[in-house]
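Novice: Following the hints, complete the assembly by docking chain B onto the known chain A.
One-letter residues, chain by chain:
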Amino acid sequence: MTDLLWELNQVVLAGDSCNRIDAVSLTIDAGVTAVIGYSGAGKSSLLNLLAGMESPSSGVISNAAEGAHAGPEKGFPLPLYWVPQDGGLWPQLTVRRHLEVVFAMNLRDSIGSDDECQEITDKLLGQFDLSHRQQAVPAALSKGEQSRLSVARALAANPAVLLMDEPLAHVDSVRRPQYWEVIREHLKRNGASLVFSTHEPEVVISEAGSVICLNEGRVMYTGLVTELYDVPPDPQAASFLGPANWFAAGELSTWLPEYPIKNDDLCLRPESVEVTQDENGGFEILSFRFIGSYAETDLKHLSSSKEKKIIHRPIGNVHHAGQRVSLGNLS
Amino acid sequence: MTLETALAWSIGRSMLVTTVALPMSLVVWRYISVCERSRRFHRLVAAAALTPLFVPDLVTGFTYRMTSARLIHSEVATEVLYAVLLLFRILALQVAVRMILRSSSLSAEALYSWKLLRNGSTSWWLSWLRFEVQGPLRIPLIAWIGGALFCFQEFETAALLQIDRHPITWSVWLFDAHAAGEPLSHSLLFASRSMVFQVILLLPVILLLPSRGPQASTDTSLDSASRSSPIALCILFAAFGTLILWPLWTNGTEALSGIRALTGHGNLTQRMLLFLTGRNDLALRFQQILYSILPATIASVAVLQLAIGVRALDRPWLTVLAVAPGLCGSLVISLTLLAVFQTPLLNAVYDSWLPMIAASTLLMLPRALLLVVLLEVLSPSTSIHSAGLLRVAGGAAAVHGRNLIWQLDRVRWLIATSVLAHWCLWDVAVASMLRPVGFEPIVVRLYNEMHYGRTETLVAMTFLALAIPLGLICVAAVVWKRLPEKNDS
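For the record, the sequence lines run as chains A and B.
First residue of the first sequence? That's 93 in this note's numbering, and the numbers climb one at a time after it.
First residue of the second sequence? That's 73 in this note's numbering, and the numbers climb one at a time after it.
Note that these hints are calculated values from the structure, not bench results.
Owing to the predicted nature of the structure, the values given are computational and were not obtained by experimental measurement.
Treat the hints with care, since some could be wrong.
To be verified - DMTMM-like, lysine to aspartate or glutamate: derived pairs with alpha carbons at most 20 Å apart: (1) LYS187/B / ASP390/A; (2) LYS187/B / GLU146/A; (3) LYS401/A / ASP326/A.
In isolation and in its complexed conformation, chain A is listed as follows (with noise of 0.2 Å):
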């Protein structure tokens, strides 16, 4: 079996005053996908293009998943299958029902009788809190009900590949994580594919092994998000993963003396940054401003008055201004 789920080659999908995918040339393999961008990145439009529905205006997608995953031997009766960001809902079919129709239309014959259907069934709708709503149609639900709908759908179809357009975007942030351990353990347990789509770094860090950026439809970076996250390629790649602090070569000298001299930029995620209360430190709190996570520090070097924000994890005491701290690299 080829690690190879699709390459793109110069694939352009024209919109209406701009192209909404614009020459992305990139292959997906095997695993976990997520891809990232601002609000009309294209992410949406590069789902549709794996999924096929939409074709690309010029350029090629090879879908190596399609004959090479599926087929019923292989315990997928479908190649792909997906979420769209609408939810994609039958507005005629009840909860149940939609997980139903996707059984009899698929798995019937693989899984067997009827009970085992109604089992799973069961399984799935408790799984994603549905049980009390499988008599109501998508109308009656509201948004984040649709949302799981929708994601409970694509994991009743079972499919070697599965594409999410923004999966749970509606659910509460309490219960997402739950939704996305039963995701987790579908992908584990069939050995299926995800290729999804979110604004939220933190899933993509926790669910993901590889990750597409986007910006105004053309591919920022393409990668392993462990990479993108400690060593992304400059400073808005790594905001895509949410607060880092980024030192120029040419500053690291001024903020982080100790910090070895190299002709590199050098990004440091909250976490490995560390500011503390010294009375001999180097620099001044300016204004300080806890994020829950972590803080916001504007610092100023006494000796240069230079002034820069610092993203940190707080530590100890909470800090105020005036102070007198340093700064520490942790990593």
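Specialist: Coordinates of chain B only, in the frame set by chain A:
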């Protein structure tokens, strides 16, 4: 000629004309959708496409009556003339349907989600067909059925174009038979035969009725619109020219001379004095038009409230019950209510405005529901509430808030009421069959006189019947805008 022959002609014509109109309306609608980038041009094009809906059939028939008379020796030419006039009217209707119901509750993504499950089984294909009908085909189907019903029910234009036998329509056949003294029971029996075709058309509409379900993404296949823009513009110009410009051109100058004749003799002051004291024909016609507007306005207000109620209750069976009579057409409604109001229970109110208002209300209910849906789309309650919140601030923000509410809410309801009143005012079948004995609505007088030739005063009366309501709407707009709102101190 038998009713069956007339029905066959009407059915054939309605199927043909509506089918031809469907792709044309798609081209025009796509062009209008693309024009949204330029707001002013979009409004202009949309107005040009929809204006034919507001031209009374009677005016169209009257304008082209002389043309039909010249074509008296060619039955085919007369039929073609009538079909073309219907085509352009139906085109406007179908564009309106596409604009109002621009998205289906089944999104393209939902349909594709089903396609991904394709396994070639019969159940998959059956479900796919159902998805197609409820998804991409839903709006074209509603547009086609709406067009076919309108075409089948059309009466006024056909009646005025029919110099000899053609155009042959069941509606004219039935109206003439009833006017010639056919017993009401016979007329109802004849009408019931026409209902067979209408019920066949109505059943799919009932299944495809718009629901409050989540609105899916709009049509994404608009990219080809720019390529078809010359065709769209040609269609628009042909429709607008045929139903608006040509009638204005041919009737305009005669109308002005006619108004002069209606005002009597003497200088302007003397004519004004005669008008104000109600001693010239203009004053009499003015009075007659005002009296005709009154029941039409009452019906339009009533039907709009009814439509809001039906929409708010959101029960499919209630919606079906509400729109079904109106979709049967004015002739069937008028004959039915004529029978109903002759029963002992309602006989006491037979000679009043009530039957006329009731018929107009039932007739307009489907259109009123469409207008309410349109207003919901154009003025979401959240937008109106957001504007309302500004009023609390006082000062300039409050003024902006009031203006926004006027633009978002009040003026749109005024237009909706006016449009419905306009359609009520110009319906000949309801007015002629259900009017009280001592009251002659202006449309009945016009309809009768239009059969006997073309005079300047007749053209002037037609012009006044169109212009006076328009003037009153403007006055109502000014007055309503100045009225204090409930929340104003």
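Novice: So if I understand the rule, the pair passes when the alpha-carbon distance is 20 Å or less; does LYS187/B with GLU146/A pass?
Specialist: OK: LYS187/B and GLU146/A at ~13 Å, within 20 Å.
Novice: Are LYS401/A and ASP326/A close enough, with their CA atoms no more than 20 Å apart?
Specialist: holds (17 Å)
Novice: For the pair supplied as a hint, LYS187/B and ASP390/A, confirm whether the alpha-carbon distance does not exceed 20 Å.
Specialist: violated (55 Å)
Comparing the model with each numbered hint stated earlier shows that hint 1 is the single one that does not hold.
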